[in-house]
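**Student:** Read top to bottom, the protein sequences are chains A and B. Note that our numbering gives residue 99 to position 99 of the first sequence, counting from 1, and the numbers run on in steps of one. One gets our numbering by counting positions in the second sequence from 1 and adding 1000 to each.
Keep in mind the hints are simulated off the structure, nothing from the lab. Think of the CB as a built atom: it goes at the ideal place given N, C-alpha and C, for glycine as much as any other residue. Any given hint could turn out to be false.
As the list claims (entries may be wrong) - Derived, one-sided and incomplete: chain B residues facing chain A with beta-carbon distance under 10 Å:
no.: 1; residue: D1031
no.: 2; residue: I1033
no.: 3; residue: V1041
no.: 4; residue: S1081
no.: 5; residue: S1108
no.: 6; residue: V1111
no.: 7; residue: I1127
no.: 8; residue: V1129
What the hints assert, rightly or not - Pulled from the structure, derived: some chain B residues nowhere near chain A, Cβ distances all over 12 Å:
no.: 9; residue: H1035
no.: 10; residue: P1046
no.: 11; residue: A1048
no.: 12; residue: L1055
no.: 13; residue: R1071
no.: 14; residue: E1082
no.: 15; residue: N1101
no.: 16; residue: G1102
no.: 17; residue: N1109
no.: 18; residue: T1121
no.: 19; residue: K1132
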Amino acid sequence: MLVRTIPSWPSARGLRQEMERLLESFGDSKRTPQLRSEVYPAVNVWEDGESIYLEAELPGVALGDVNIEIHANQLSIRGHRESPETDSPSYHRRERASGEFSRFLTLPVEINADKVEATLNDGVLLLIMPKAAVARARQITVKAN
Amino acid sequence: MTSALANKDRETAIAQPEQTRTGPVFKPHVDIIEHPNELLVIADIPGATSEAIELQFERGELTINAQIASRQAADASYLLSEYGVGAFQRTFRLGEGIDSNGITAEVSNGVLTLTLPKTSTAKSHTIEVKAK
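Using the sequences and the hints, build the whole thing.
**Tutor:** Written as structure tokens, this is what we have:
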């Protein structure tokens, strides 16, 4: 999945929140879980002046099973999640996805790939990706004459 | 006829547990695996530490409840927002065959594993066929 239209995302989030609020007000709270994304893994991406942050929920995945690659502003996350038991005798329910997964994202700016930090705690992957020097927001002082 | 209808109304009016907390509640994905002596319930609860998870067994129902705090500032500037963070909750009705006192739970990497031992009567056993 490629993400190209960056500027409109904050309003898209606002719209989603508004929809959630509306659904709640109709008393249809059962719908809320369906708003979780079907793409695996689902990601949240946010930024500040210095860095872009990406968070993905990867329960049961070890950091060694995740492969992260960054080229300029292209990010790929690949990995696999083990099935709990491959030769299991009897599943009553099987809802947890297993096997290979991958996500590809185009970030809005170039990343300083050498400085990227990745952590995986309690099944949540966090990438801290410092923006390349050219891409950082600069404060410009406006002088009055 | 009227009484049958009234009864039907009554049946649909049985109180279901309702959510009293505000905020989104998500249903964790689970695998349920049966072994000869136990049932395993494996639930994905990303972001959950052992302190955040609450297990309750009451009147034959086992409830998993986990409160996950938001990991980002409320005013974070999002480029992409595909999932929400909130509470995870799911309830299972356990049959007679589960020894509720023997249930154990552990969490690792955001995956909760519950071990539900079967009562001795519910355990499967093979019956030997003797040759005469």
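**Student:** If a hint holds in the structure, say so; if it doesn't, say that too.
**Tutor:** Here is what the structure says about each hint:
no. : hint  : in the structure
1   : D1031 : holds, 5 Å
2   : I1033 : holds, 5 Å
3   : V1041 : holds, 9 Å
4   : S1081 : holds, 5 Å
5   : S1108 : holds, 8 Å
6   : V1111 : holds, 4 Å
7   : I1127 : violated, 18 Å
8   : V1129 : violated, 22 Å
9   : H1035 : violated, 7 Å
10  : P1046 : violated, 4 Å
11  : A1048 : violated, 6 Å
12  : L1055 : holds, 17 Å
13  : R1071 : violated, 7 Å
14  : E1082 : violated, 4 Å
15  : N1101 : holds, 22 Å
16  : G1102 : holds, 19 Å
17  : N1109 : violated, 5 Å
18  : T1121 : holds, 19 Å
19  : K1132 : holds, 32 Å
Violation of the numbered hints given earlier is confined to hints 7, 8, 9, 10, 11, 13, 14 and 17; the remaining hints are satisfied by the structure.
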